[in-house]
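**Q** Sequence:
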Amino acid sequence: MYDLTGVVCHSGSSYFGHYISLGRLADFDSSKTKIEWRKFDDSMVDRVSSGHVQTNEAYLLFYKLRDPAATRGIFKRHYSCDPGASTQSAEVKI
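The sequence shown begins at 1 in full-length UniProt numbering and counts up by one.
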């Protein structure tokens, strides 16, 4: 499962416009939010509600994996390597 941690928004046309970003700081395992949503607009930073994140102007979305162990399991199933194993004796076969 993934949690949304950032959004880049664009307003205007393809020839000109303005970008802003929205972001939050998730805890290490994404179970909690350390810093709530903020809007970064040039030199201004404002606190915003999560309702402002759902916008038609969203251009790029950034996600964080909630459980890193899940990614490790996917690698172990699909490849002959374990990304969490020691690199000294690990042989990577893709």
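Everything labelled a hint here was simulated from the structure, so no lab data went into it. Note that beta-carbon positions come from the ideal geometry of N, C-alpha and C, so glycine has one too. Any given hint might turn out to be false.
Stated by the list, open to error - Here are the simulated DSS-like cross-link-like pairs (lysine-lysine), alpha carbons at most 30 Å apart as the crow flies:
hint: 1; residue 1: Lys39; residue 2: Lys64
hint: 2; residue 1: Lys64; residue 2: Lys34
hint: 3; residue 1: Lys64; residue 2: Lys32
What the hints assert, rightly or not - What follows is a list of derived Cβ distance ranges for each label pair:
hint: 4; residue 1: Arg66; residue 2: Val8; range: 32 to 42 Å
hint: 5; residue 1: Asp3; residue 2: Tyr59; range: 24 to 34 Å
hint: 6; residue 1: Phe16; residue 2: Asn56; range: 35 to 45 Å
hint: 7; residue 1: Ser13; residue 2: Lys34; range: 33 to 43 Å
hint: 8; residue 1: Lys32; residue 2: Gly12; range: 21 to 31 Å
hint: 9; residue 1: Gly12; residue 2: Gln54; range: 30 to 40 Å
**Q** State for each hint whether it applies.
**A** Now the hints, each set against the structure:
no.	hint	result
1	Lys39 <-> Lys64	18 Å, holds
2	Lys64 <-> Lys34	14 Å, holds
3	Lys64 <-> Lys32	12 Å, holds
4	Arg66 <-> Val8: 32 to 42 Å	21 Å, violated
5	Asp3 <-> Tyr59: 24 to 34 Å	19 Å, violated
6	Phe16 <-> Asn56: 35 to 45 Å	18 Å, violated
7	Ser13 <-> Lys34: 33 to 43 Å	36 Å, holds
8	Lys32 <-> Gly12: 21 to 31 Å	35 Å, violated
9	Gly12 <-> Gln54: 30 to 40 Å	20 Å, violated
Consistency with the previously given hints fails for numbers 4, 5, 6, 8, 9, ordered from lowest to highest.
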